[in-house]
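**Q** Please build the complete structure, drawing on both the sequences and the hints.
Given next are the chains, with one letter for each unit.
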Amino acid sequence: MSKAIVLYLHVHQPYRVRHYSIFDAGVNHDYFEATYDDQTSNERIIHKVAEKSYIPTNKRLLDMLEKHPEFKLSMSITGTVLEQLEQWAPEALQSFKDLVATGRVEIVAETYHHSLAFFYNREEFEKQVAMHRDKVQELFGQTPQVFRNTELAYNNDLAFWADKAGYKGILAEGWDPVLDWRSPNFVYQPTYTDNIRLLMKNYKLSDDIAFRFGNQSWTEWPLTADKFSHWLNDSGDATNFNLFMDYETFGEHQWHETGIFDFLEHLPTEWLKRDGTSFMTVSEVIDAFEPVDRVDMPHTVTWADTERDLSAWLGNAMQGSAIAALYDLGDAVLATNDWKLIEDWRRLQTSDHFYYMCTKYFNDGDIHAYFSPYDNPYDAFIAYMNAYHDMQFRLSEKGALV
Amino acid sequence: MKVLMLGWELPPHNSGGLGVACYQLCKSLAKKDIDIEFILPYSEAHDAPFMAITAAHPQGAKIVLTDSGAYDSYKYVFEDGREEWMDIYGQQQVFEHAVARLAAEREYDVVHAHDWLTFRAGLRAKQIRNVPLILHVHSVERDRAGGKDGNPLVREIEETSMLMADRILAVSQLTKDAIVRDYAIPEDKIEVVHNSIDHSVIKELLDLGQENAYHYLTHMKARGYRVVANIGRLTVQKGLTNLLHAAKEVVARAPKTIFLISGSGEQYYELINLSAELGIAKNVIFTGFQRGKTWRDSYMIADLFVMPSVSEPFGITPLESIGFGTPTLISKQSGVAEILHSTLKVDFWDVNEMANKIVSAVKYPELRRELQIDAERELSRMSWDHAADKVHAVYGQHLQGAAA
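Residue numbers (this note's numbering), protein chains in the order written: chain A, 1 to 402; chain B, 1 to 404.
It should be emphasised that the hints constitute simulated quantities derived from the structure, not laboratory data.
Ideal Cβ placement from N, Cα and C applies to all residues, glycine included.
Hints are not guaranteed to be accurate.
[Unchecked claim] Short derived list, chain A residues pointing at chain B, Cβ under 7 Å:
{"#": "1", "residue": "Ile22"}
{"#": "2", "residue": "Phe23"}
{"#": "3", "residue": "Ala25"}
{"#": "4", "residue": "Gly315"}
{"#": "5", "residue": "Ala317"}
{"#": "6", "residue": "Met318"}
{"#": "7", "residue": "Ala325"}
{"#": "8", "residue": "Tyr378"}
{"#": "9", "residue": "Ile382"}
{"#": "10", "residue": "Phe393"}
[Claimed, not checked] In silico DSS-like links for lysine-lysine, alpha-carbon gap of 30 Å or less:
{"#": "11", "chain 1": "B", "residue 1": "Lys221", "chain 2": "A", "residue 2": "Lys398"}
{"#": "12", "chain 1": "B", "residue 1": "Lys363", "chain 2": "A", "residue 2": "Lys398"}
{"#": "13", "chain 1": "B", "residue 1": "Lys221", "chain 2": "A", "residue 2": "Lys340"}
{"#": "14", "chain 1": "B", "residue 1": "Lys345", "chain 2": "A", "residue 2": "Lys398"}
{"#": "15", "chain 1": "A", "residue 1": "Lys52", "chain 2": "A", "residue 2": "Lys135"}
{"#": "16", "chain 1": "B", "residue 1": "Lys282", "chain 2": "A", "residue 2": "Lys398"}
{"#": "17", "chain 1": "B", "residue 1": "Lys256", "chain 2": "A", "residue 2": "Lys398"}
{"#": "18", "chain 1": "B", "residue 1": "Lys363", "chain 2": "A", "residue 2": "Lys127"}
{"#": "19", "chain 1": "A", "residue 1": "Lys360", "chain 2": "B", "residue 2": "Lys282"}
[To be verified] These stretches of chain B come out as covered by chain A in the derived footprint (C-beta under 8 Å, 3 or more residues):
{"#": "20", "region": "216 to 228"}
{"#": "21", "region": "263 to 273"}
{"#": "22", "region": "278 to 284"}
**A** Set out below in structure tokens:
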């Protein structure tokens with residue numbers, strides 16, 4: 001029986017809101033334009049991530065694709081990161097194009113602005129998905145066939161929507177309470193759908209790479225490609241190992257010094273040494289295997305935190321207020337036909353803004369704090385709400401809102 | 001007459017009203033030919049040509065810095081390059097020893113100490129020089145603890161010092177009552193000296209013109225919104241959680257009301273969170289600490305200023321607000337309520353009544369105008385010179401006593 005690794009990397013950078021004060025509101029509308037040295041400078045961050053992660057990782061991935069004709073992977077790249085690459089890191093953007101040009105990298109569909117619009121404004125959500133599709137076609141000449149929602153936030157409704165929209169597959173977290181006795185290492189079908197297939201992340205194996213790889217107190221440290229391939233090959237009945245993770249795992253979350261790049265480079269060699277092994281993209285694995293069962297997920301499941309729900313983005317009152325306030329402006333914003341205003345409104349929908357306001361683990365100074373460009377969740381909230389007030393101001397200047 | 005004045009802060013390095021009150025009182029006292037040496041616990045430049053300002057350093061310390069306000073930690077840089085951080089209790093003791101060294105070297109007629117942080121130093125100076133000690137109480141520990149007992153170490157310092165002092169000045173009858181209640185000090189040992197306001201500071205800032213830095217709020221006001229402001233430290237004592245609960249009721253009845261909360265303090269994050277939990281995050285704006293023109297603009301952009309303090313020994317902010325043209329709603333539990341009459345007043349705990357009055361004020365310009373005109377008349381009669389007269393008289397009484 002054959003076993004495939006389905007490697008899927010998610011590439012994303014938000015447009016961070018600068019330290020935007022109430023004295024800016026009604027004066028400057030440049031929410032996303034921090035000075036270069038500022039923590040919230042999008043340009044500086046894209047330079048740093050391109051240099052530490054995108055360029056070195058893509059160089060290795062390209063080598064691997066050239067060296068191993070069997071090596072394949074899937075990626076999703078948000079519209080907000082694509083725009084920033086176009087503007088500030090064209091070399092990194094070119095390296096992504098080179099990968100896709102090999103014909104063995106599949107691009108996955110999502111919202112252009114990495115938003116949670118599905119839960120707030122369905123029409124807007126569909127618009128953002130269409131924008132992303134157009135952008136991917138323009139830059140990569142590919143039309144995505146498989147959908148992933150922001151933060152892998154998934155439920156039955158989303159699967160129903162994606163099925164009707166014509167996607168052949170959709171991605172979700174392989175969360176134990178949902179899977180119950182089942183294994184994530186097969187193809188599934190969502191309940192209440194006709195054609196679409198469901199691929200569920202094997203979070204244990206994925207997190208071995210994405211989170212635990214560089215942790216020297218982990219009992220399995222150091223993790224080698226050989227050992228990892230051995231685990232997969234030894235794991236009994238399985239057709240596909242869904243390794244889903246942030247692209248920035250390579251070089252940014254796991255630094256070069258951890259040996260993460262060596263691991264990546266050796267993975268095809270070690271895995272393909274074994275009998276019946278392969279790499280598949282998300283579409284290929286859906287074509288190759290029949291679903292083994294239907295999966296019912298009435299509640300929204302994401303790929304974040306131990307709760308695997310939306311609480312990292314919407315769990316406290318600040319987050320709830322901020323996102324509701326923004327979507328409340330929706331009709332008025334869209335009615336203006338002012339491209340700049342609409343685009344600013346969409347950039348403010350990016351889920352990262354709400355993640356920065358997360359207070360769940362704030363006192364532990366954990367992963368949430370690590371990814372935030374603000375000193376604390378409250379500063380993130382204040383900057384965001386001041387930008388919101390300026391949006392209000394701009395709308396009322398146009399007579400669109402009083 | 002030479003006065004050794006012990007204080008904890010002076011503007012512009014102040015975190016609140018204490019520094020302003022000290023500065024203004026000294027300025028008026030200086031007009032009476034009183035020679036003041038003001039001792040501070042940190043080294044910074046101050047613009048106060050009417051008195052001498054000395055930083056009380058511990059031995060060997062070259063420079064003492066505060067990281068922002070005067071109530072945070074202090075950094076000592078010693079002559080040998082060593083650096084050391086100290087918290088406020090440690091600093092209070094260091095201050096005492098430094099003042100003792102100064103007192104041993106120089107002659108003074110009176111020691112005048114402002115609030116508990118300087119009280120031990122005041123006692124030492126009195127012992128060394130054998131001169132009268134006047135304690136000036138701007139707040140007692142229970143006020144600062146928002147009605148709870150507060151820190152027992154601080155209470156001990158307050159109680160002991162007040163028993164041993166020659167005279168106590170209280171910034172209000174409310175504060176005098178608190179001293180009698182909390183420390184059983186005889187009433188006739190305590191003199192009420194209300195704070196006042198320096199009209200020239202207001203005028204200087206008004207002279208900067210009408211242009212307001214809150215463009216967003218200016219714009220929204222032109223579209224029928226009204227602004228309700230609070231300016232001050234964000235601490236339990238200031239009663240801002242009650243104001244936010246009232247704000248929720250106000251917004252339900254007058255949705256075009258924006259609350260402007262200008263200041264910093266340990267309740268900052270708690271209040272941001274509370275406004276979100278109450279569902280009024282869109283109507284509450286937090287500006288952080290402001291000074292100078294933007295501080296003025298916070299008052300001037302407001303249609304109503306609210307001081308909802310749980311306990312406010314005096315409370316200068318309503319007077320500033322009136323000076324900048326904005327009528328006020330103040331808690332009855334404030335010293336300033338004893339001298340300001342043309343204002344709306346409410347018990348700090350009465351959230352519904354607070355909401356009721358705010359709604360009326362934002363809805364009726366006539367009410368705001370009437371309050372403001374009358375309050376300006378009251379304000380024009382207030383002066384720090386009156387306070388200085390009283391203090392001067394107290395000095396005189398004790399100097400005669402000492403001479404006899």
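**Q** Now, for every hint given, state plainly whether the structure supports it.
**A** Tested hints:
Taking 7 Å as the C-beta contact cut-off toward chain B, the hint placing Ile22 of chain A at the interface holds, the least distance being around 5 Å. For Phe23 of chain A, the suggested interface contact is upheld, since its CB lies about 5 Å from the closest CB of chain B, less than 7 Å. Checking Ala25 of chain A against chain B by beta carbon gives a least distance of about 4 Å; that is within 7 Å, so the hint holds. Hint on Gly315 of chain A is violated. Least Cβ distance to chain B is approximately 12 Å, over the 7 Å limit.
Here the hint on Ala317 of chain A is kept, as its CB sits about 4 Å from the closest CB of chain B, short of 7 Å. The beta carbon of Met318 of chain A comes within 4 Å of a beta carbon in chain B, closer than 7 Å, and the hint placing it at the interface holds. The interface hint given for Ala325 of chain A holds, since its Cβ lies 5 Å from the closest Cβ of chain B, which is under the 7 Å cut-off. This hint holds: Tyr378 of chain A has a C-beta 5 Å from the nearest C-beta of chain B, less than the 7 Å allowed.
The closest approach between the C-beta of Ile382 of chain A and any C-beta of chain B is roughly 6 Å, which is under the 7 Å cut-off, so the hint is satisfied. Because the closest C-beta pair between Phe393 of chain A and chain B is about 5 Å apart, less than 7 Å, the hint holds. Proximity of Lys221 of chain B to Lys398 of chain A is assessed by CA-CA distance (about 16 Å); at most 30 Å being required, the pair is judged to hold. At roughly 26 Å between alpha-carbon atoms, Lys363 of chain B and Lys398 of chain A fall within 30 Å of each other, so this suggested pair holds.
Under the criterion of a C-alpha separation no larger than 30 Å, the hint pairing Lys221 of chain B with Lys340 of chain A is consistent with the structure, at around 25 Å. Proximity of Lys345 of chain B to Lys398 of chain A is assessed by CA-CA distance (about 40 Å); at most 30 Å being required, the pair is judged violated. For the hint linking Lys52 of chain A to Lys135 of chain A, the alpha-carbon distance of about 25 Å falls within 30 Å, and the restraint holds. Taken as a hint, the Lys282 of chain B and Lys398 of chain A pair is honoured in the structure, with Cα atoms around 20 Å apart against an allowance of 30 Å.
Using a Cα cut-off of 30 Å, the hinted pair Lys256 of chain B and Lys398 of chain A holds, with the two alpha carbons roughly 18 Å apart. Between Lys363 of chain B and Lys127 of chain A, the direct Cα distance comes to roughly 42 Å. Violation of the 30 Å bound is thereby established for this hinted pair. Under the criterion of a C-alpha separation no larger than 30 Å, the hint pairing Lys360 of chain A with Lys282 of chain B is consistent with the structure, at around 22 Å. For a cut-off of 8 Å, the count of residues in the region 216 to 228 of chain B with a CB near a CB of chain A stands at 7, and the three-residue condition holds.
Counting residues of the region 263 to 273 of chain B whose CB lies closer than 8 Å to any CB of chain A gives 4, so the stated coverage by that chain holds, three being the minimum. Look at the region 278 to 284 of chain B against chain A: 3 of its residues bring a Cβ nearer than 8 Å to a Cβ of that chain, three or more, so the hint holds.
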